[in-house]
Amino acid sequence: GQNIDQPTEMTATEGAIVQINCTYQTSGFNGLFWYQQHAGEAPTFLSYNVLDGLEEKGRFSSFLSRSKGYSYLLLKELQMKDSASYLCAVRENRDDKIIFGKGTRLHILP
Amino acid sequence: DAGITQSPRHKVTETGTPVTLRCHQTENHRYMYWYRQDPGHGLRLIHYSYGVKDTDKGEVSDGYSVSRSKTEDFLLTLESATSSQTSVYFCAATGTGVGSVYNEQFFGPGTRLTVL
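Protein sequence lines correspond, in order, to chains G and X. Per my numbering, the very first residue in the first sequence carries number 1; after that it's consecutive. Per my numbering, the very first residue in the second sequence carries number 1; after that it's consecutive.
Hints are computed from structural coordinates only; laboratory data are not their basis. Since the structure is predicted, the reported quantities are computational estimates derived from the model, not experimental observations. C-beta atoms are modelled at their ideal positions from N, C-alpha and C, and glycine is treated no differently. Check the hints yourself; a few may be wrong.
Stated by the list, open to error - Partial selection, computed: residues in chain X whose CB lies under 7 Å from chain G: (1) Pro8; (2) Pro39; (3) Leu43; (4) Leu45; (5) Tyr50; (6) Gly51; (7) Tyr64; (8) Asn103; (9) Glu104; (10) Phe107.
Using the sequences and the hints given, assemble the complete structure.
In structure tokens:
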């Protein structure tokens, strides 16, 4: 089975940088996803990591350490529109099942 | 949305009635998933499919069944709806094309189901 943990809520200031952590335990790992979800909307894909290291995509970066079962999503130059929930999800290599953590609600203060 | 639609978008039903939710995709994705999302629980996997007529259970499959008779459609059925199944249901799909590494999961817009 899987166990995915991320903080429930975080608060940051507009223009700042915030790091959202995700730790996971899985019997077989085949990739980690990050999604953004605004209230009342469907999740939208942000990033995918399957190898160790940092993937950068504009203001958003995602890091993975498979040996530590750890990932983070880094958001730079925060904007008010970044206020949303951020979901970490892990895919198992045994059956391609994709399981989500409970999500981190990010509040951006002006 | 990568061509994923869900129907209906909203439904109110009574306890004990059967309900079927439909997910339709136009991108030939191999894998399809049904999730429910509830406050405090995040997205929980109900059932998923790894091909036509190939399905498996997720984390919270009790009270739900699925069918996938063709690539583009994945149906979720509540045989006898209960109030605990009041939720927002999301369909998702991934994996398409030759050589794909299935590295993006696309979501439908969601179905809000209320069981009275």
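Hint check:
no.: 1; hint: Pro8; result: 15 Å, violated
no.: 2; hint: Pro39; result: 10 Å, violated
no.: 3; hint: Leu43; result: 4 Å, holds
no.: 4; hint: Leu45; result: 6 Å, holds
no.: 5; hint: Tyr50; result: 6 Å, holds
no.: 6; hint: Gly51; result: 10 Å, violated
no.: 7; hint: Tyr64; result: 15 Å, violated
no.: 8; hint: Asn103; result: 4 Å, holds
no.: 9; hint: Glu104; result: 5 Å, holds
no.: 10; hint: Phe107; result: 4 Å, holds
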